[in-house]
Amino acid sequence: MMIALALLWLHPVRFKKTPLGGSARKKAYRGTVPVYGALPEDTGHPPPSPNDSSAGQSVPAVASRVGPPLAIGCFVAAGLASTDLSVLASNPLVRDSACSIVAVVGAVGWLKVWTSLAASGAMDSRLSRKIIHCGSGPLFLLVWPLYSLEPNARLVAALVPALNMARLVAAGTKRDSSDIVTAVSRSGDAKEVLGGPLLYCAVLLAATLFGWRGSSAAVVAIAQMAIGDGVADIVGRRFGKRHKWPFAPSKSYAGSIAFAFAATLASFALLRWFQIAGCLALPFETTDLLARLFLISVLCAFTELVPAADDNISVPLVAAILATTLLR
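Mapped onto mature numbering (1 follows the signal peptide of the UniProt record, and there is no 0), the consecutive letters of the sequence shown carry residue numbers -15 to -1, 1 to 313.
Just so you know, the hints here were simulated from the structure itself, not pulled from any lab data. Incorrect hints may appear among the rest.
Only pairs whose alpha carbons sit at most 30 Å apart, straight line, appear in this in silico BS3-like list of lysine-lysine [as the list claims (entries may be wrong)]:
{"no.": "1", "residue 1": "K226", "residue 2": "K159"}
{"no.": "2", "residue 1": "K115", "residue 2": "K159"}
{"no.": "3", "residue 1": "K176", "residue 2": "K97"}
{"no.": "4", "residue 1": "K229", "residue 2": "K159"}
{"no.": "5", "residue 1": "K97", "residue 2": "K159"}
{"no.": "6", "residue 1": "K159", "residue 2": "K176"}
{"no.": "7", "residue 1": "K229", "residue 2": "K97"}
{"no.": "8", "residue 1": "K176", "residue 2": "K226"}
{"no.": "9", "residue 1": "K97", "residue 2": "K115"}
Computed beta-carbon distance windows for the label pairs [what the hints assert, rightly or not]:
{"no.": "10", "residue 1": "R152", "residue 2": "V291", "range": "25 to 33 Å"}
{"no.": "11", "residue 1": "N137", "residue 2": "D273", "range": "31 to 39 Å"}
{"no.": "12", "residue 1": "V93", "residue 2": "K176", "range": "45 to 53 Å"}
Just so it is clear, the structure is predicted and the values come from calculations on it, not from any experiment. Built from N, CA and C at the ideal position, the CB exists for glycine as well.
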């Protein structure tokens, strides 16, 4: 169903409004009921009318009227509705593949939402880019506990950042103004995606292959890189124009403070999610864990001030080392 919703979202006429009167609206509603199955009796909605020509139509009949993208959505939704979901539990490869598909669809949807807002002028493009930076890694982490317990599950999960890396390389080498270039580059130069954005995906790939969900270091490293660095830039641009670090004039006090607090909260929330899912068992009380994470975040915030290294490499590397030491 997530795949179908994503396809519907990506369709260019998804928001087209058609004025319908009361009877027409009921007719349009009734026409969709046979596709997805009968509604429960206690919903209060009227059943399809036997005189309604659209009632009882098959999925292909409906799909033929809505165009290719929506047709795919109709077929996928109908297929998933009739699928025995026990297959996901009994077949690890199917389950892991489904999780990766959900992760890819979620990544595309996340990118589409913020680039659409920036393209419409509702949001500054720099803010949109940083929000994408903040959310892409953590959203991928949220799916990790849903994979199977098979050793190869991480390999299937690693396909998600690997595909994103391939997409970035393709966009960067073509040097065109594709949507992904506009979304993740500062200047709109296609070559720029081969720098920070590609390193971002490389860190996700490394964390998946070498850390995975049993590693608190992998979780904290991604939280520091995505949330900490992203929030630091957003807050620094808004509130840190006057008070800059003397040895790092492009960085502000406000941005560094925001980094420390945002990264601490994000790391804590993600670690708790992995604990609830049974992937991690940290021997710390809440206050102790927060104190350790805050120390890691402060040191990572200072690491971000070093101009010689790319933040997408230095910050997660330092975070992983500190988490390995402090979260044993």
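Going through the hints against the structure:
Straight-line distance between C-alpha atoms of K226 and K159 comes to about 36 Å, which puts the hinted pair past the 30 Å bound. A distance of roughly 24 Å separates the Cα atoms of K115 and K159; the hinted pair therefore holds under the 30 Å criterion. Between K176 and K97 the alpha-carbon distance is near 21 Å, which keeps this suggested pair within the 30 Å criterion. Straight-line distance between C-alpha atoms of K229 and K159 comes to about 38 Å, which puts the hinted pair past the 30 Å bound.
With a CA separation close to 21 Å, the supplied pair K97 and K159 stays within the 30 Å bound. This hinted pair checks out: K159 and K176 have alpha carbons roughly 9 Å apart, not beyond 30 Å. Restraint check for K229 and K97: not satisfied, since their Cα atoms lie roughly 34 Å apart, outside the 30 Å limit. Of the supplied pair hints, the one linking K176 and K226 holds, its CA atoms being roughly 29 Å apart against a limit of 30 Å.
For the suggested pair K97 and K115, the alpha carbons sit about 14 Å apart, so the restraint of at most 30 Å is met. Against the hinted window of 25 to 33 Å, the Cβ-Cβ separation of R152 and V291 comes to about 29 Å, which satisfies the hint. The hint said 31 to 39 Å for the Cβ distance between N137 and D273, and at roughly 35 Å that hint holds. V93 and K176 have their C-beta atoms about 23 Å apart, which leaves the hinted 45 to 53 Å range violated.
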